[in-house]
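**Student:** Listed here are the chains, written in short residue letters.
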Amino acid sequence: MRSIALSDSFLEYFKIDNYLQAAPGGQKTVFIVDIEGKKIALKIIKTVDERLEREIKISEKYATHIGIPSLIRKEEYNGDTVILEEYIEGHDLSELIDQFVGDEKKVLDLMYRVGIILQPIWLDRYVHRDLKPHNIRICSSGLPVVLDFGIARALDDDTITAAGTQPLSWLYASPEQYHGKKELISYRTDFFCLAIIAYRLFVGRLPFGESRDEVAESFTKPLAKVSTGSTVVDNFCNAMFHINPSQRPRKIEAYLNLTSI
Amino acid sequence: MKVTHVLGHNSNWNVESYLQHDIGDFFLITAFTHGARFDTKKGLLPILPFSMIDLQFYGKKTSGDITKGSLSEFPFHPANCSDEEVTSIYFDNCLKQAIKYQEDKGFKNIIIPHFYENEEVSDIVSTIKNINHHVAKNKLDGRKYFMTLAFANHIIIDKAKVEEILFCCTDMDICFDGYFVTCENKPETRKKLTTDIKILRNLSNVFKTLKIQQFETIYAYANWDAIVILAQTDIDYVTIGTYENLRKFDIVRFTEDQSGGGSKGYYFSEKLLNMVKANDLTSLRDLGQLDRIKNERNIFSDIILRRGYDWNIHKPDVNKNYLLSINRLLHAISAKADLSERKKYVQTLVQSAIDTYNELENNYVYLDNESGNYHLNIWKSYLASS
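Residue numbers (the UniProt record's numbering), protein chains in the order written: chain B, 1 to 261; chain E, 1 to 386.
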């Protein structure tokens, strides 16, 4: 990771006592900073393109929504956009997978909570499009927070990135993302990705392969029903695991119902 | 499932078969035949409470040349529009007025028309979204709203296009209660049913998906290949019709004069799952094979199979034989609530029909063209693989 130092004037302006770079530089650099004794996530954005603009828009729109980091402040500094956001203490879900393996209640409870977090976003016709363990943070309280709406899409807007070139995480992507069918992206894309996460958590491995090529091959034919040893996990996953989004649950309530044990 | 009579030419036969012989459960009035005065027709009065109307907007782009039948009696019908009026706003308004018209007439099932000649899937999707938005704001209690999906042949054979339409139809915002599905099968010459497995597969997928998503479904202008579709999913209304143009969705009907010529007609055999040309009955009779294909417990069949019967397609008993047989078949199939049992049952019917054809050949009866077995092996393969 390329290390970036913050200038004294920057530190003074934002009243930062300490900082730690958390994510690589480039278009967006993320720091964990101490401001007046409180940890905060600080993002410095060099050029606000449509993707980042959308991420900011979603953060602003859902600033008070539980389960999404709150936007504390946004301002311009020396030509950069600086965003101060609630810092979530805890761990990436990717670091905690072992704690979920074989625990159907814990897995489906997480799917329920993430569904509740995303419900208003889905209802507002946004799609996250990049749900994966790395983008779900488990707070010290045990509750999840959904991060990184960087490639979220507003379904009623013209899409900004061609589906084939979007920087998504292929191992957790849906068939319509693999096939580059942007017209089929919807909240049901997120349903599919969440089911991949559920399977990964419960079984300890991915359902459709461990490489992009393997998954792509799996998505060339109808998906076989999965059998994990847990009826409720199977019901949840098999309801979502359809190549055609039209066959996945239509209502968010149906998604949530499938998480009940 | 409600077996639903399509009321076109000679619709009194359908009504009689319902009132006197308990054939069918519901009715679909066709605007083309019955026009705007349908509710003053004495013959239709008894069945109006159990009916819906298809306003048949199918021929829009050729409306200048359309064979209008009685369609232009409806003031909002695109059959009345001149070329300079052809805009999507104009057509959306026609659709909205068509909904209001059915509400005012007291129909409980409102069939929202759609245009067959929306060439692009994006146009179809756009119309569905616009009308859904309108219905969401104006829906009346106690009514069910069915959006028409008129699958042109070039769409139904393309599973990607079908999925785009289903994707839109099953979105969380959709407020329709169900879909009125019709499909352009385009059977080959001298065949009555399609043998294109892509059509069977994609059309079945349409019904299965809509049902999984808890929509009510109407299979309109269905032929007896509805048997194969019904084998795999519940359908709420399946239409049955007397004449071929009421059992086959074909845009040509709305653009060209298709007045039928003389024909002796066809005998529908439950045992063959097929229509046999009246002319072929002679060799069946002469070779002692008539009983092999004869419908049981069917008074119309008994009449028309009598020696010396003067066959004509415009005779009621010829058509009522089909109505009674297909009504029984469809009800027997839908009565199997367990879908895997239902499929097995239909597979048994299909195998039995294939065996009957083989028996006929063993006895030197070789039926060809539409009378022959051109469809059953496709059905068998399809059901086995689906």
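Derived from the structure by calculation, the hints contain no laboratory data.
Treat the hints with care, since some could be wrong.
Here are the simulated DMTMM-like pairs of lysine to aspartate or glutamate, each with C-alpha atoms no more than 25 Å apart in a straight line [as the list claims (entries may be wrong)]:
id, chain 1, residue 1, chain 2, residue 2
1, B, K182, E, D123
2, B, K221, E, D158
3, B, K251, E, D141
4, E, K159, B, E75
5, B, K57, B, D92
6, B, K105, B, E60
7, E, K198, E, D173
8, B, K181, E, E164
9, E, K159, B, E217
10, E, K144, B, E253
11, E, K344, E, E164
12, E, K129, B, D124
13, E, K100, E, E73
14, B, K181, E, D355
15, E, K159, E, D196
16, B, K225, B, E89
17, B, K39, B, E89
18, B, K225, E, D123
19, E, K208, B, D234
20, B, K221, E, D196
21, B, K38, B, D98
22, E, K2, E, E296
23, B, K251, E, E216
24, E, K294, E, D355
25, B, K251, E, D177
26, E, K137, B, D124
27, B, K61, E, D173
28, B, K181, E, D158
29, E, K380, E, D141
30, E, K129, B, E253
31, E, K2, E, D158
32, B, K181, E, D123
33, B, K182, E, D158
Covered, in the sense of this in silico footprint (three residues per stretch, anywhere, with C-beta under 8 Å from a C-beta of chain E), are these stretches of chain B [as the list claims (entries may be wrong)]:
id, region
34, 183-193
35, 243-253
Yeah, the Cβ is synthetic: ideal placement off N, Cα and C, and Gly gets one too.
**Student:** Does each hint fit the structure? Answer for all of them.
**Tutor:** Quick rundown of the hints versus the structure:
For the hint pairing B/K182 with E/D123, the CA-to-CA distance comes to about 17 Å; that is within 25 Å, so the pair holds. For the hint linking B/K221 to E/D158, the alpha-carbon distance of about 16 Å falls within 25 Å, and the restraint holds. Between B/K251 and E/D141 the CA atoms are separated by roughly 22 Å; this keeps the pair inside 25 Å, and the hint holds. The suggested pairing of E/K159 with B/E75 is violated, with an alpha-carbon distance near 49 Å, which exceeds 25 Å.
Taking the CA atoms of B/K57 and B/D92, the gap is about 24 Å. The hint holds against a cut of 25 Å. Of the supplied pair hints, the one linking B/K105 and B/E60 is violated, its CA atoms being roughly 33 Å apart against a limit of 25 Å. Between E/K198 and E/D173 the CA atoms are separated by roughly 29 Å; this puts the pair beyond 25 Å, and the hint is violated. Taking the CA atoms of B/K181 and E/E164, the gap is about 10 Å. The hint holds against a cut of 25 Å.
Restraint check for E/K159 and B/E217: satisfied, since their Cα atoms lie roughly 19 Å apart, inside the 25 Å limit. In summary, the hint linking E/K144 to B/E253 is supported, as the alpha carbons are separated by about 22 Å, within the 25 Å threshold. Only pairs whose Cα atoms come within 25 Å are accepted, and E/K344 paired with E/E164 is rejected, the gap being roughly 31 Å. Simply put, E/K129 and B/D124 have alpha-carbon atoms about 16 Å apart, close enough for the 25 Å limit, and the pair holds.
For the suggested pair E/K100 and E/E73, the alpha carbons sit about 16 Å apart, so the restraint of at most 25 Å is met. At most 25 Å may separate the alpha-carbon atoms for a hinted pair to count; B/K181 and E/D355 exceed this at roughly 45 Å. For the suggested pair E/K159 and E/D196, the alpha carbons sit about 13 Å apart, so the restraint of at most 25 Å is met. Between B/K225 and B/E89, the direct Cα distance comes to roughly 37 Å. Violation of the 25 Å bound is thereby established for this hinted pair.
Only pairs whose Cα atoms come within 25 Å are accepted, and B/K39 paired with B/E89 is accepted, the gap being roughly 9 Å. Taking the CA atoms of B/K225 and E/D123, the gap is near 35 Å; set against the 25 Å cutoff, the hint is violated. The suggested pairing of E/K208 with B/D234 holds, with an alpha-carbon distance near 21 Å, which does not exceed 25 Å. Between B/K221 and E/D196 the alpha-carbon distance is near 20 Å, which keeps this suggested pair within the 25 Å criterion.
Straight-line distance between C-alpha atoms of B/K38 and B/D98 comes to about 31 Å, which puts the hinted pair past the 25 Å bound. Distance hint between E/K2 and E/E296 is fulfilled; the C-alpha atoms sit about 23 Å from each other, no more than 25 Å. With a C-alpha separation of about 16 Å, the suggested pair B/K251 and E/E216 falls inside the 25 Å cut-off, and the hint holds. Taking the CA atoms of E/K294 and E/D355, the gap is near 15 Å; set against the 25 Å cutoff, the hint holds.
A distance of roughly 14 Å separates the Cα atoms of B/K251 and E/D177; the hinted pair therefore holds under the 25 Å criterion. For the given pair, E/K137 sits about 18 Å from B/D124 by alpha-carbon distance, which is consistent with the 25 Å threshold. Between B/K61 and E/D173 the CA atoms are separated by roughly 21 Å; this keeps the pair inside 25 Å, and the hint holds. Distance restraint check for B/K181 and E/D158: the Cα-Cα separation of roughly 15 Å lies within the 25 Å cut-off, and the hinted pair is therefore satisfied.
Only pairs whose Cα atoms come within 25 Å are accepted, and E/K380 paired with E/D141 is rejected, the gap being roughly 44 Å. Pair hint E/K129 plus B/E253 holds up; C-alpha atoms about 22 Å apart against a cutoff of 25 Å. For the proposed pair E/K2 and E/D158, the alpha carbon gap of about 29 Å is over 25 Å, so the pair is violated. Among the hinted pairs, B/K181 with E/D123 is consistent with the structure: their alpha-carbon atoms are about 18 Å apart, no more than 25 Å.
Only pairs whose Cα atoms come within 25 Å are accepted, and B/K182 paired with E/D158 is accepted, the gap being roughly 18 Å. Chain E is given as covering the region 183-193 of chain B, and this holds because 4 residues of the stretch bring a CB closer than 8 Å to a CB of that chain, at least three being needed. Remark: the region 243-253 of chain B is confirmed as covered by chain E, as 7 of its residues place a Cβ nearer than 8 Å to a Cβ of that chain, reaching the required three.
Hints 4, 6, 7, 11, 14, 16, 18, 21, 29, 31 from the earlier list are contradicted by this structure; the remaining hints agree with it.
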